[in-house]
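A.B. asks: Listed in order, the protein sequences are those of chains A and B.
For the first sequence, my numbering assigns the number 1 to the initial residue and increments by one for each residue that follows.
For the second sequence, my numbering assigns the number 1001 to the initial residue and increments by one for each residue that follows.
The set of hints was computed from the structure by calculation and includes no laboratory data.
Note that the structure is a prediction, hence the values are computed from the model and not measured.
Just so you know, not all the hints are guaranteed correct.
[As the list claims (entries may be wrong)] With a straight-line Cα cutoff of 25 angstroms, these simulated SDA-like cross-link-like pairs (lysine to any residue) come out:
#1 1292(B) / 272(A)
#2 1292(B) / 273(A)
#3 1292(B) / 448(A)
#4 1257(B) / 448(A)
#5 1292(B) / 452(A)
#6 1257(B) / 449(A)
#7 1292(B) / 271(A)
#8 1292(B) / 449(A)
#9 409(A) / 1293(B)
#10 1257(B) / 450(A)
#11 1257(B) / 453(A)
#12 1292(B) / 450(A)
#13 409(A) / 1294(B)
#14 1209(B) / 453(A)
#15 1257(B) / 271(A)
#16 1145(B) / 1346(B)
#17 1292(B) / 451(A)
[Unchecked claim] Interface residues of chain B toward chain A, partial, derived using beta-carbon atoms under 8 angstroms:
#18 1225
#19 1239
#20 1242
Even for Gly, the Cβ is constructed at its ideal location relative to N, Cα and C.
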Amino acid sequence: MKTTARLLSGAAFTALSLGAALAADAPAEVDTSTVARRLTADEYRTIITDVFGPTIELGGRFEPELRVKGLLAVGTTHVSVTSAGMEQYDVMARAIANQVVDAKHRDLIPCRPANDKAADDACTGTFMAKVGRLLYRRPLTDAELKTYVGAARVATAETKDYWNGLSMSLAAMLSSPKFLFRQVAIVPEPGKPGQWRMEAHAKAQQLSFFLWNAGPDLELLAAAERGDLDTKKGLAKQVDRMMASSRVEAGVRAFFIDNLGFDEFDTLTKDAALFPKFSAQAAADAQEQTLKTIVDLLLTHKGDYRDVFTTKKTFLTQELASIYKVPLVNDGPNGAPDTWVPFEFSKDDPRGGILTQVAFTALHSPPGRGSPTLRGKALREVLLCQKVPAPPAAVKFDIVQDTNNPLYKTARERLKAHATNPVCAGCHKIIDPMGLALENFDGAGAYRLTENGVPIDTSGSLDGVNFTNSAELGKAIHDNPASSSCLVSRLSSYATGRPIDTGMPWAQALLKNFSAGGYKLPDLMRDIALSDDFFSVTPPDTKAAEAAAPNQPAR
Amino acid sequence: MIGKVVRTPKSLFRTGLRAGFAVGVLMAGVAAAPAHAVETRTFVIGWFSEATYSQDNDCVGGINPNIDDQYLKNLADLGYTPSQIEEMAKKELDGENSPIRGLMTSRARVDGKPANPYAYPAFVVDPKLKSSTSNLAYGFDLDGKPGPVEDPQTRQKGIDNEFARALGCMRSFRGSLESRPTYYAWAWGQLKDSMPAWVVTISAESLSKDGDVTVTFDRAFEHLRSNADGSPRADATYRIDPDPRSHNVLHGKLKGKELTFDTPVDFRLMQNPLMAPMEFKMTKAKLRLTLKDDGSISGIVGGYMPWSEFYLGLGTQGPGTEYCITGDIPGIYYLLKKFADADPDPKTGQNRAISAAYYLEAVPAFIASESAQATQHAPARE
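Chain A on its own, in the form it takes in the complex (with noise of 0.2 angstroms):
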C-alpha cells in the first residue's frame, strides 16, 4: 500500500514538475505551451463542490496567491507551485478522493465493480471519463485515460481493494497540473494559415471562471464539442444562458473579492482594546455586506456601476448593526446565527457607498488607528487604477502614528506635519484628500465626530472637484471618468487573466459601450465574453519549441 501511494504520488508530482510535457498527450494540432493560470483557491473549491458535491472536505492549504497590476487574478499567470505547495495538493488529492469512494458518497460512481477486491476497467473508465471530462475542463484523451484505468488496476493489485485503488488513481488525476492549471490551448484557425485562435475547451473555460467562477458546466463543454463557441451566435447564446444563470452571481462576487483585495482581511487585525466591536464575526459580515450591496445593485437591479459609490441602500447583520449604531432586531433564536437583513440609510446620513462601509475602511487602516493615507492609496489605486509610488526609503512614519501626540490630534495635522518633508509631500498631496474624507470613520469603520476631542475637518479635493464630506467624496467617485474605465480595465483583466490598460482600444471600446449603457455590470461582462480580444491568443513560437523539443513534430 505504502510502495503504490508513492508510486502515485510520485507519478502526480513528476507529472507536474514536467508541465512543458503534458502537451505529448493532447491532440497533434493542439498547441498547450501559451498561458497556464493556476486555479485560485475558490475555483479548486467550486469546482470540486460542483463535480462531488458540497460534502466533501478539502483538508488541505492552498499556495499563497499573487497580486500582480492589482489582481490575483493576473496573479494566476505568474504563479507556480511550490514542493510544499504541491504537498498540500497532493494531500488535498487523497482527502478528496478518499472521501469520493467512501460509503457515504459511492453513489457518486455511476458502476459497481464486479468484485470489490479487484480491478475492474470497465467501470474505472466509465467512472474517471466521466469526472475526467469536469476536473480538466475538456474531454481526456485516450492516452490519459488509459493511464488513470492503469494507475487503478496496479494500486487495486497492490491493495486488493478496488475502491482503494480508483481512489489513488483519482488522487493522481486531482493532484495533475491539468486539474490544477488552467491551460489554455490554441489550435490553428482553419482556412487561415499562419493563425491561431483558443481550443473551444479552452474558450469554455475562460467564459465559465469569468461569468461563474468554476469550471465549464456541462452543457458548455458540450457546446464546446459542437463548435458552438466557434461561432458568434453558438457563443452568444452560451453566453446569454450564463448570465441568465444565478451562478453569474459567484462570477460578479468573485470579481469584487479579488479587486476589492478582499484576501487581505484573512491577515487583519485590529486592537481589541481600541476596537472591541471589531469581531472576526463583523470581519466577515464586513465583506459580506459590501459584496451583497455591489450584487443586489449591479446584478439584482441591473444598476449603474457609478452608484456603488452613492448608495444608500446595503444589508446588515446584528453584529454590523452595532458598529453602525443602527437599530437591527434578530428574529432568530437567542445563539442562531445573526440574520441579513435589507436596510437603507437615511439620505442625509453621512453614510453612503462602499467607501464608508465598514469592509473599506477597516481594510485600510493599521490595527489601532484610521488611515487617511492607506484609505486615499486605495481609492487611487483600486478604483481609479491610478499608480501611487511606493514610499521612498528611510522615512519616518513616528509623527502619523503618534495618535497622542498633543501637538497633533488629528490625522490631518499629523499628516500635515508630516508631509513637510518634501521627498513624502507629493505622493501625500494626491492620496491623503481622499483619505482624510473618510477620516469620520475610524480604524474599525465606527463613526465619529472627533478625534482627541477635536473636530474633524474631511473636506478636500479629487482631480479639481472639492467635496466636504465621504458622502461628496463618493459623488466625486461617482463622478469621475476614472472610476468607470478602471471597472472597465480590472474586469477585463480579470477576466483575461493578463493586464489590459485603460487606453488600449479593447477597453477604450468596451468602455464606449458601457457608458453608452447606463454602466450596467451584466452588460459589460457580456461584452467582454463575446469580445476577440478575450479569446485572443499569441501564436506559439514554433521555432523556439522545436529548439526546446526537438523530437517533437512541428506544428
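Dock chain B against the given chain A, drawing on the hints supplied.
C.D. replies: Relative to chain A, chain B alone:
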C-alpha cells in the same frame, strides 16, 4: 426592493449617529415614561453583582479559610480526631477518590444519617464563619433608622447592607466595584450568556437638566450581545419581553449626572435559575444611577432580598462550585440567616430578608418593540 427599518425623523437620526452613541426608544406600551418626556436613553445591563467594598482589616482575625482548610475544620465538627484528619489530609483533597470530598458532600446529619449538606444546610454543624466588621458598605438607608454603616460614595450613614457584612469575609465575595468579586465574575459570566438580557430605559424631559426622571427595568428577548473580548457590546438591539414580572418602574430625580430614586419599590427581574434564584427580587428597593461621559451608566440598587432564595442559588450548584468558587456553602447559609434583618417569620421570628446592594453597569442599546420594529431616538454623547 430593499426594505427599511422604521426610523425617527431624520434630524434625530442624523444627530443620533453623529452623536456617536445612538439610543433606542421603548415602544408597544411597555414604557412608563411620563407623557411629557422628550428624551429617552436605553441601555442593556452588562454587569450585575453584589456591590462590594472590601478593605484591608475589615475581617477581624483574617478572612475565612480556603476550602481545603475549612474542610479540615468541618471534619473536626463531624467528630473526627486530629490524627484521623491528618491521615485523610495526606491523601487527595479533591476528586472522586478523595475521602474528605466524600465526607464533605454528605456532611449533613438527618436523623443521624449522612445527608446532602447543600440541600439540608440547617442539618450541618454551623462552621461559624467570620463576617465583616466594616462600617463602609454601598447601599441605602432602607429602614430610616440611624446606624453606623456609611456608603463610601454618598457618605450617607445608616446604610442597610447586612448582605455585605454576612459575606464580606468570604474570599470569593470580596472585591470592589472595579475589582470584581470572583463569585460574581463567574456567575455573571454564566448568566449573561444563558438568559435574556436586562434593559434599562431612562426618560426625562431633558437629561441635560435637573428634574424629574423615570427609569424602567425590563427583560429582553435577546441575550446580551458581547464583543470579541467578552465585554458587553454597545448599540446592539433588544426587544422587550412584555412579561410584567420583569417590568419595574421607578420615579426619581436627576441632578447633574446623578439620578436618585428614593421612593421604595418592589424590584423583580427574572433570571436563569441555573445558578441563581429564578428571579432577582428586592423589596423596598431604592436606586441611584450615574450618567457617564462615555455614554454608559452605572449605579446601585439596594433593598431587602429573600436570603433563602439567594442561598438556593448557591446550594443547587453543589460541591463543585463550593470547592472551586464559593467556599463553604452551608456556612454561607448560617451567615445569611444570622444577618437577615427584615421580614420576620410570624411564627418563628426568623428574618426572611436581608438588606443588600447590587452594582450594575449598562451600555447604550437600542430597544425595539416586541413586534420587532426598531426605532432610533435621541443622541447621547460626543
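A.B. asks: Work down the list of hints and note, for each, if the structure agrees.
C.D. replies: Comparing the hints with the structure gives:
1. The suggested pairing of residue 1292(B) with residue 272(A) holds, with an alpha-carbon distance near 22 angstroms, which does not exceed 25 angstroms.
2. Annotation: proposed proximity of residue 1292(B) to residue 273(A) holds, straight-line Cα distance about 19 angstroms (limit 25 angstroms).
3. Annotation: proposed proximity of residue 1292(B) to residue 448(A) holds, straight-line Cα distance about 18 angstroms (limit 25 angstroms).
4. Under the criterion of a C-alpha separation no larger than 25 angstroms, the hint pairing residue 1257(B) with residue 448(A) is consistent with the structure, at around 23 angstroms.
5. The suggested pairing of residue 1292(B) with residue 452(A) holds, with an alpha-carbon distance near 18 angstroms, which does not exceed 25 angstroms.
6. Simply put, residue 1257(B) and residue 449(A) have alpha-carbon atoms about 23 angstroms apart, close enough for the 25 angstroms limit, and the pair holds.
7. At most 25 angstroms may separate the alpha-carbon atoms for a hinted pair to count; residue 1292(B) and residue 271(A) meet this at roughly 24 angstroms.
8. Distance hint between residue 1292(B) and residue 449(A) is fulfilled; the C-alpha atoms sit about 19 angstroms from each other, no more than 25 angstroms.
9. About 20 angstroms separates the Cα atoms of residue 409(A) and residue 1293(B), which keeps this hinted pair within 25 angstroms; it holds.
10. Taking the CA atoms of residue 1257(B) and residue 450(A), the gap is about 23 angstroms. The hint holds against a cut of 25 angstroms.
11. The hinted pair formed by residue 1257(B) and residue 453(A) meets the criterion: a straight-line CA distance of about 20 angstroms does not exceed 25 angstroms.
12. For the given pair, residue 1292(B) sits about 18 angstroms from residue 450(A) by alpha-carbon distance, which is consistent with the 25 angstroms threshold.
13. Restraint check for residue 409(A) and residue 1294(B): the C-alpha separation of about 19 angstroms stays at or below 25 angstroms, so the hint holds.
14. For the hint linking residue 1209(B) to residue 453(A), the alpha-carbon distance of about 23 angstroms falls within 25 angstroms, and the restraint holds.
15. Taken as a hint, the residue 1257(B) and residue 271(A) pair is broken in the structure, with Cα atoms around 31 angstroms apart against an allowance of 25 angstroms.
16. Simply put, residue 1145(B) and residue 1346(B) have alpha-carbon atoms about 22 angstroms apart, close enough for the 25 angstroms limit, and the pair holds.
17. Our distance criterion of 25 angstroms between C-alpha atoms is met by residue 1292(B) and residue 451(A), whose separation comes to about 19 angstroms.
18. Hint status for residue 1225(B) relative to chain A: holds, with the closest Cβ pair at about 7 angstroms, below 8 angstroms.
19. Using the Cβ-Cβ criterion of 8 angstroms, the hint placing residue 1239(B) at the interface with chain A is satisfied: the shortest such distance is roughly 6 angstroms.
20. A least Cβ separation of about 15 angstroms between residue 1242(B) and chain A goes past the 8 angstroms threshold, and the interface hint is therefore violated.
In this structure, the hints that do not hold are numbers 15, 20, in rising order.
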